Every structure is written in C-alpha cells, then in structure tokens.
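Peer 1: Spelled out from the first residue to the last, the chains are:
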Amino acid sequence: MPMAATELLGLTIKEVAPKIRAHEISPVELTEAALTQADRLQPTLGSFITILHDVARKQAREQEAALMRGEYRGPLHGIPIGIKDNIATAGIRTTVGSKVLANNVPTEDAEVVRRCKQAGAIIIGKENLEEFAAGMTSNNAHYGAVHNPWKLDHVPGGSSGGGGANVAARITFASVGTDAGGSVRLPGTFCGVVGLKQTFGRVSQRGLLVTSYNGDHIGPLTRSVHDCALMLQAIAGYDPLDPSTVPVPVPDYTANLGREVRGLKMGMPANHYFDLLDPEVETAVRQAIAALEMLGMELRQVALPMMQYAGALRIAVMADNLVAHEPYLKSHWHDYGPDVLYRTLAGQFVLGRDYSKSMKVQRLIKEEYARVMQQVDVLVTPTAPIPAPRIADKTATLGGVTYPVRGPGSGVISRNTTPSNATGLPAITVPCGFTEAGLPIGLQLIGRPFEEALLLQIAHAYEAVSAATGRRPDMLEQG
Amino acid sequence: MVLTRETLKALIQEYQGFPLSDEELERVRPELENYCRAVEQLRALDLSAVFSGRLLRVQEGE
Numbered sequence: 001m002p003m004a005a006t007e008l009l010g011l012t013i014k015e016v017a018p019k020i021r022a023h024e025i026s027p028v029e030l031t032e033a034a035l036t037q038a039d040r041l042q043p044t045l046g047s048f049i050t051i052l053h054d055v056a057r058k059q060a061r062e063q064e065a066a067l068m069r070g071e072y073r074g075p076l077h078g079i080p081i082g083i084k085d086n087i088a089t090a091g092i093r094t095t096v097g098s099k100v101l102a103n104n105v106p107t108e109d110a111e112v113v114r115r116c117k118q119a120g121a122i123i124i125g126k127e128n129l130e131e132f133a134a135g136m137t138s139n140n141a142h143y144g145a146v147h148n149p150w151k152l153d154h155v156p157g158g159s160s161g162g163g164g165a166n167v168a169a170r171i172t173f174a175s176v177g178t179d180a181g182g183s184v185r186l187p188g189t190f191c192g193v194v195g196l197k198q199t200f201g202r203v204s205q206r207g208l209l210v211t212s213y214n215g216d217h218i219g220p221l222t223r224s225v226h227d228c229a230l231m232l233q234a235i236a237g238y239d240p241l242d243p244s245t246v247p248v249p250v251p252d253y254t255a256n257l258g259r260e261v262r263g264l265k266m267g268m269p270a271n272h273y274f275d276l277l278d279p280e281v282e283t284a285v286r287q288a289i290a291a292l293e294m295l296g297m298e299l300r301q302v303a304l305p306m307m308q309y310a311g312a313l314r315i316a317v318m319a320d321n322l323v324a325h326e327p328y329l330k331s332h333w334h335d336y337g338p339d340v341l342y343r344t345l346a347g348q349f350v351l352g353r354d355y356s357k358s359m360k361v362q363r364l365i366k367e368e369y370a371r372v373m374q375q376v377d378v379l380v381t382p383t384a385p386i387p388a389p390r391i392a393d394k395t396a397t398l399g400g401v402t403y404p405v406r407g408p409g410s411g412v413i414s415r416n417t418t419p420s421n422a423t424g425l426p427a428i429t430v431p432c433g434f435t436e437a438g439l440p441i442g443l444q445l446i447g448r449p450f451e452e453a454l455l456l457q458i459a460h461a462y463e464a465v466s467a468a469t470g471r472r473p474d475m476l477e478q479g
Numbered sequence: 001m002v003l004t005r006e007t008l009k010a011l012i013q014e015y016q017g018f019p020l021s022d023e024e025l026e027r028v029r030p031e032l033e034n035y036c037r038a039v040e041q042l043r044a045l046d047l048s049a050v051f052s053g054r055l056l057r058v059q060e061g062e
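Those sequence lines, one after another, are chains Y and R. So in our numbering, spot 346 of the first sequence is number 346, and the numbers just go up one at a time. So in our numbering, spot 3 of the second sequence is number 3, and the numbers just go up one at a time.
Extracted from the complex, chain R is given alone in its bound form (with noise of 0.2 Å):
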C-alpha cells in the first residue's frame, strides 16, 4: 500500500490545516510506511474471536 503525496496533503493540509511543504510532508511518510505494513500483514489475521478485557492476574484483597 502507497500513500501518494495527495492523500498526504488532503489529510495534513486541508483536512487538519498543517501548512507543510511537500518536502515536510514527505518527512512523515517513513511512519506511515511502519504503519501500512502492520495493516498488511493483519489482513490474514483473523480476529474475530478476539474479545477485550485485560488479563493482569492479580490476587486482590490480600
């Protein structure tokens, strides 16, 4: 997955109001190519079954 600079601009620029040049904007690309990666790679993941909650074990009232 590729963010073209457009999307960069309509997000940062005329959606948030960040006036970043395009070289600025190119300097948040290397996170968001972090973060496309994770998204592709969860695709095969399936989870469905996955409910929240937390799993600390704690031994209360001691």
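With the rest of the complex left out, here is chain Y (with noise of 0.2 Å):
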C-alpha cells in the first residue's frame, strides 16, 4: 500500500473530514485504501465476516458525486466504517456470527445504518463477533477467532471484537457495535480503543438481531473520544418504531468537548468495581483517577451495597436469551457452537418467581445508582478486570480464584460492564495504559441517564493526558 494512503487510514475522522470535505482527499480513494487494508490483515486478524468491496465502492462513489454536487452532509461523509454482524443490512447477509443464519440476507437496514448512510459513511464490511453475540472473546467457533491487533495471539474482547480490532488497525475509522453487557466497551478496553454504550433509548434497536429486549444497546467504537462523539451524534435520536427509544433531544455531542472538567465530581465505588482487579490493571485506572483529579476534578468515594446482589442480574439474563433464541434453538441446535449452545440451554431453569426477583433487584440497583448519581457526575472505574486473554486461555485466574472467560459461567471478564446495561445508565471506555506485555488497559466513566455530552467531555480531557493516547500497535510500525 502507499505511504500516504496508510497515512490517511492512521486519522482520525475529525482529521479527515476537513479534507473530504475540502476535496484534498476523495471518498473513493479513502474506502479503496480501507479496502486494501481490510484485505491485506484480515487473514491475520479475521476481524470481518464479509467485506463488502462492491457495495463500498459504490457508496464511496455516490458520496462523492454528492460533493462535486455541492451536498456535503457532515463528518461522517465517506468515511470507511464497519458494522457488527448482528445489524440487519439490506440486501447484504447477517450471520449474528452463526452458522444457523449463515444465509440470512435482510431486506431492510436496521436504523442505525440508514442514520450512517444518511450520514454519508461507506459501510466496508460486516464485522465478525461472538456466535449470536454471546461472549466476550470473538473466538467465533464457524467463522474463526478474531486476533487482537496489539497482541495476536490474545482476545480482542466480544462480542465487537471484528469492531474493536478493525479501529485499533486502521482498517476502519469507526464501527458500530452492540452491547448487552459490555460487549462495546470490552474490545474498546482489549483493543486500546474507544468505546461508548450510551444510555438505553438514546439509540434505536430497531435491526439488531437474536437479542433480548431487555439490555442491548447499539453504540459506537473509535479511535478518539471526538470520533466517538461524532458516531453517536449521527445514530443517536427516537425511532418512532422502536418502543425502546425516548423522545429527548439530542444535543450537539462535540459542543463541550475541550471545556475544563475542574469542580466536576467523580465518584469511585468502594465495593464491586475494585474488589477483583488484576494488579497491572488497578495500577493504571488508579492513575488515571489522579490525571482527572490533577485536571481539577474532585474524588469522592461512594457505595453501592446493592452490588454485593450484582449475580442476580445474571438470572434474568440467561431467560432472556433462551426466548431470543427459541425461534432457532428446537430446529437447528446442532448448528449452535458449543459455548453457546450450553449456555443458553440452562436458561431453561430459570423459574419465573427467580427472574420476578431478579428484576426487584434490577430496581433497587437502579435505585442505589441514581441516588448515588445526585452526589456526583461520573463513576469512575475499571472497564474490564484483566487485560485481554490469549484466546486459546479458557479460564483466568483473579484473586486466586479460577473463572471461565468463555462460555457457560463465564462472566468475570464483564463484572464492572453489566451493571450499566441493567441500570441503562451511559458508560464509555477510555485507553488508560498499558500492561508490561503491552496491553491495552481502559478506564470506564459512568454517567447520568442522556447525558452522554458531559460523560464525552470528560473523556475528552482525559485522553488528552492520557499515557495511552498516540500508541499504536506494533503490527502496524512494522507495516
């Protein structure tokens, strides 16, 4: 590939619209160098299901026969991005990651991709993920393991892990992920990237496939906290035909971006969240905490007791997703992977007088954040408690204690995520430093329910100080 089209690729989309816009730069030359290098990685990464050379390039033609026309329509015009394949695209197939919906080909775009193409992004590819989403290692049993681009022998987090190692490669400049309990934020975390789960009725469902009403959530994966806000402001919004969605108007995500953070609190829980860290891991968001605090930010400890019940959001989960996948499971569980197929088996035995419980528990963590959420304006925590695993690892070791990081009883890997899918509540993972090994480690901030803007703007600052923020992974130094 030409220098200057890997060069291209290393910006960020604040760096690169200006120069689409200001015809320097074509949306057809931008997508072929994605093209090229999603082409050129993905026998070492295997982070794409399909890439989409034919129906790239067409896009990437319209968008600039729309900017000789004169109709520039935003940031996001022709810029390369990915979509995670469990997001229904016209006309183009949807896997889930599975091989029961190997052949499936929607006929609609769910919403968020008619908000990107709208936008003027080109779609390059569908992004490879955990079989139906469901995990955290990308270590998809039909369509192959996704490799982490800092290092590739380990896990670059899931279920987006196709959507994680694409941004932190250059092969993309964003990409649209789901998450229902981290599955964002993990690869954001894993690959050294950003990664936002914004508040549950910010951003439409409508098109996300075999997944629980109860908890999912679109969101999107950069390379800054300025992209990350960029994404959001192009799929966030109500769909009037998504239930889940809420009618409260979207703000410009970028307006306070670079505005001082001093006198904003941040609270960092004292149970839960840093109870079971690995050491590398607790060294850099501790770290991280002081950076804010030297930005003028003030730490307060806060509790939240209900947490020690955290487990039982887990129950209603595991329902949750057998009645997702009723529609497949009697017909085709010979086509499931094993990780999944047990899993969701055993949400056979969850008793409805369990999953009642499990959702009065839901309600009193709600309850215990929102509470919590008066006294400060963010929670600050660890994303993930280890760094990423090496994918043939399929248990780590924490606190002397052995969990399983794939399949059924797993869960360890997602403890300090899931609680914001139960409580809907905004989080975004920041890069935060990096282990001996040189992986990636992320810092988590928690807002308040719709205002993604001050949570942005506090990322913001930080990853203006943040040890993490320039690195790259050494794959792409070595060419």
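Hints listed in this document are in silico derivations from the structure and should not be mistaken for laboratory results. Don't take each hint at face value.
Listed below are the simulated DMTMM-like cross-link pairs for lysine to aspartate or glutamate, each with C-alpha atoms no more than 25 Å apart in a straight line [unchecked claim]:
| id | chain 1 | residue 1 | chain 2 | residue 2 |
| --- | --- | --- | --- | --- |
| 1 | Y | K360 | R | E26 |
| 2 | Y | K330 | R | E23 |
| 3 | Y | K330 | R | E33 |
| 4 | Y | K394 | R | D46 |
| 5 | R | K9 | Y | E326 |
| 6 | Y | K330 | R | E26 |
| 7 | Y | K330 | R | D46 |
| 8 | Y | K265 | Y | D242 |
| 9 | Y | K366 | R | D46 |
| 10 | Y | K366 | R | E40 |
| 11 | Y | K360 | R | E40 |
Beyond 10 Å from chain R on every Cβ pair, some chain Y residues (computed) [said to hold, decoys possible]:
| id | residue |
| --- | --- |
| 12 | K14 |
| 13 | R21 |
| 14 | Q118 |
| 15 | Y213 |
| 16 | D242 |
| 17 | G296 |
| 18 | R300 |
| 19 | Q308 |
| 20 | D354 |
| 21 | S358 |
| 22 | P404 |
| 23 | P408 |
| 24 | L476 |
Note that the coordinates shown come from a computational prediction; the quantities given were computed from them, not determined experimentally. No residue lacks a Cβ here, since even glycine has one placed at the ideal position from N, Cα and C.
Each of the two chains sits in its own frame; use the hints to bring them together as a complex.
Peer 2: Right under this line is the structure:
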C-alpha cells in the first residue's frame, strides 16, 4: 500500500473529514485504502465475516458525486466504517456470527445503518463477533477467532471484537457495535480504543438481531473521544418504530469537548468495581483517576451496597436469551457452537419467581445508582478486571480463584460492564495505559441518563493527558 | 443447592427434547451453578416493598 494511503487511514474522523470536505481526499480514494488494508489484514486478524468490496465502492462513488454537487453531509461523509454482523443490512447477509443464520439476508437496513448511510458513511464490511454476540472473546466457532492487533495471540474482547480490531488496526475509522453486557466497551478496552454504550433509549435497536429486549444497546467504537461524539451524533435519536427509544432532544455532542472539567465530581465505588482486579489494571486506573484529579476534578468515595446482589442480574439475562433463541434453538440446535448452546440451554431452568426477584434487584440497583449519581457527575472504574486473555485460554485467575472466560459460567470479564446494561446508564471506555506485556487497559466512566455530552467532555479531557494516547499496535509500525 | 443429573435430563432431554449426551449435559452445569448461587444469595433479601418502573431522569419536552 502506498505510504499516503496508510497515513490517511491513521488519521481520525475529525482530522480526515475537513480534507474530504475540501476535496483534498476523495471518498473513493479513502475507501480503496480501507479495502486494501482490510484485505491485507483479514488473514491475520479475522475481523470481518464479509468484506463489501462492490457495495463500498458504489457507496463511495455516490458520496463523491454528492460532494461534487456541493452536497456535504457532515463529518461522516465518505468515512469508511464497519458494522457488526448482528445488525441488519439490506441485501447483505447478516449472520449474527452463527451457522444458523449463515444465509440470512435482511430486506431492510437497521435504523442505525440507515442513519450512518444518510450521514454519508461508507460501509466496508460486516464485522466478526462472538457467535450470537453471546460472549467476550470473539473466538467464533464458525467464522474463526478475531485476533487482537496489539498481541495477535490474545482476544480482542467481545462480542464486537471485529469492530474493536478493525478500529485499532486502522482499517476502519469507526465501527458500530452492540453492547448487552459490555460488548462494545470490552473490545474498546482490550483493543485500546474508545467504546461507548449510551443511555438505554438513546439509539434505536431496530434491526439488531437475536437479542434480548432488555439491556442491549447499539454503540460506536472509535479511535478518539471526538470521533465517538461524531458517531453518536449520527446514530442518536428517537425512532418511532422502536418503542425502547425515548423522545429526548439530541444535543451537539462535540459542543463541550475541550471545556475544562475543574470542579466536576467523580465517584470511586468503594465496592464491586475494584474488588477483583489484575494488579496492572488497578495501577493504571488509579493513575488515570489521579490524572483527572490533576485536571481539577473532585474525587469522592461512593458506596453501592446493592451490588453484592449483582449476580442476580444474570438470572433475567439467562431467561431473556433463551427466549431470543427460541425461533432457532429447537430446529437448529446442532448448528450452534458448544459455548453458546450450553449457556443458552441453562436458561430453561430459570423459574418465574427467580426472574421476578432478579427484576426487583435490578430496580433496587437502579435506585442506588440514581441516588449516588445525585452526589457525583460520573463514576470512575476499570472497564475490565483483566487485560485481554490469550485466545487459547479457557480460564483466568483472579485473587487466587480460577474463572472460565468463555462459555457456560463465564462472566468475570464483564463484571464491571454489565451493571450499566441493567441500569441503562451511559458508560464509555477510554484507553488509560498498557500492561508490561503491551496489552491495553481501559478506564470506564459512567454517567447520568442522557448526559452523554458531559461523559464525552470528561473522557475527552482525560484522553488529552492519558499515557495511552497516540500509541499504535506494533503490527502497524512494522508495516 | 445442587442440581442432579436426573434434573438436567428431565428438563433438557425429556421436557425440551434436546438429545444431549451425559457429557454434554454436564457442560450446562457451570452456568446453572452461577444461577443457583445468585438465588441462594437472594433468600435473605426482603424484596416485598420493591415496585416496578424505571428511574431514568429524563427532561422531556426541551
């Protein structure tokens, strides 16, 4: 690939968009560069299920023609992005990472896809994920394992692992992922990029396939907080055909970026989030919190005692997942990979009484967060308790206890991300450091409902001083 | 609380009709053990005064 193309892909959306608007770079040129990079790295990363050469080239030509007519559609105009393969794309197969839906071709775009296209983005591929988005490793039984660009023998996180890998490897400028328990934020932290799960109801889920109605979100992965704001701007808003969305006005998410954070209050939970951590993760996150204090934020300890019952939240998820799989499980159970099959089947044991109790616990946890969020503007936590495990690892050891990292009984990786799926509160991960082995670590900020602008403002301020900002995977330095 | 293999068989094979082997049935167990632990933990928690509803603080109509 010519050096110029590599350099183009190394820019952020914020940096490249003005060049497109000024006709210095064409959407066709940028898309060709992204497709070339995708083809070059696919054998190494396994990050796509389908690369959309023809579709992307056609979209790029259309966007270029629009530009030539003077129709600039905004900062995503001509920007190559990826879409997780559990989000419907009209006329393009959408497998949900499964063999069951290997030939599924939706007739309609998901609402977020429609919005991205309307904003002028170019979709270069459907991204690999954990089978049925049901796990945190993106080691897919049918489409292969996604590899972490920072260390190829490690997982990229999941379930939106293809998206995290593509953004980190400078193949795409952004990815649209989904997050039912951390599936945007975990690839964000493991791949050293920004990942946002906005407030439940902020972004339409229409067209998100085989999922629970309770707690799933579609959200962006990007290389910077500013780009995250640009992506959220494009996909946020009420969808009259999705009753989970809320008619709250969409603010300008970039308006507060660059404003100082002095005087804002951050809460550090005294329990749950820091209870079970890899020492290198804990050190990096505490340094990040100290950096926010240096920026003038006030640190307060907060308590979330109801989080001792957080395990109960999984009860509802088990039952919801079983119902989501009902159309396929009976007739196609032999097409399921073992991790998802056995985990899903366990949902049959959930009693209605226990489900109801789980929903009551969820309510109590929500009330507790609501009270705490009256005292502080954001919570600060590690995004994941450990750095990315090896692809071959079946377990991880924390505090002397061994936990499964995939399949039935797993969940330790997502213990800091799943609470925000239950509360619906917005949460973002920002790179905050690296382990000695060179694996990224993420800081999670959790905000109040529909206050993504404030969350992005704080994340942006931190990003400017983060030790992790500006580093690229070695595989890119080696060309 | 321990789920016996007979219970696993009754629910997965006989009631739901999945012809899994004994070995495959055992692979469901770790998820169920998490479930049982969570249920056990809830026994002492009084949930009788909890009402349904959401608590999102939304400023509507702006």
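Peer 1: Taking the shortest Cβ-to-Cβ distance between Y/P404 and chain R, state whether it exceeds 10 Å.
Peer 2: Y/P404 not clear of chain R: closest Cβ-Cβ about 6 Å, inside 10 Å.
Peer 1: Does R/E26 lie within 25 Å of Y/K360 when you go C-alpha to C-alpha?
Peer 2: Since the Cα atoms of Y/K360 and R/E26 sit roughly 30 Å apart, the hinted pair is violated (cutoff 25 Å).
Peer 1: Keeping to a limit of 25 Å between CA atoms, is the pair of Y/K360 and R/E40 held or broken?
Peer 2: Measuring from Cα to Cα gives roughly 15 Å; hence the hint holds.
Peer 1: Does Y/Q118 really sit off the interface, with its C-beta more than 10 Å from all C-beta atoms of chain R?
Peer 2: holds (24 Å)
Peer 1: Compute the least Cβ-Cβ separation between Y/Q308 and chain R, then decide whether it is above 10 Å.
Peer 2: violated (8 Å)
Peer 1: Has the given pair, Y/K366 with R/E40, been kept, meaning a C-alpha gap of at most 25 Å?
Peer 2: Given pair Y/K366, R/E40 holds - Cα atoms ~21 Å apart, limit 25 Å.
Peer 1: With a cut-off of 25 Å on the C-alpha distance, tell me whether Y/K265 and Y/D242 pass.
Peer 2: At roughly 34 Å apart (the allowed maximum being 25 Å), Y/D242 and Y/K265 break the hint.
Peer 1: Using Cβ atoms and 10 Å as the threshold, tell me whether Y/R21 really stays out of contact range of chain R.
Peer 2: holds (30 Å)
Peer 1: Given the proposed pairing of Y/K394 with R/D46, does the C-alpha separation stay at or below 25 Å?
Peer 2: With a Cα-Cα distance of about 37 Å, the restraint between Y/K394 and R/D46 is violated, given a limit of 25 Å.
Peer 1: May I ask you to check that Y/L476 keeps its beta-carbon over 10 Å from the closest beta-carbon of chain R?
Peer 2: Label holds. Min Cβ-Cβ 38 Å, cutoff 10 Å.
Peer 1: Given the hint that Y/K330 pairs with R/E33, does the C-alpha gap stay at or below 25 Å?
Peer 2: Satisfied, since the Cα-Cα distance of roughly 24 Å is no more than 25 Å.
Peer 1: Against chain R, does Y/S358 keep a CB gap of more than 10 Å to every residue?
Peer 2: violated (8 Å)
Going down the numbered hints, you'll see the structure goes against 1, 4, 7, 8, 19, 20, 21, 22 and 23, while the others check out.
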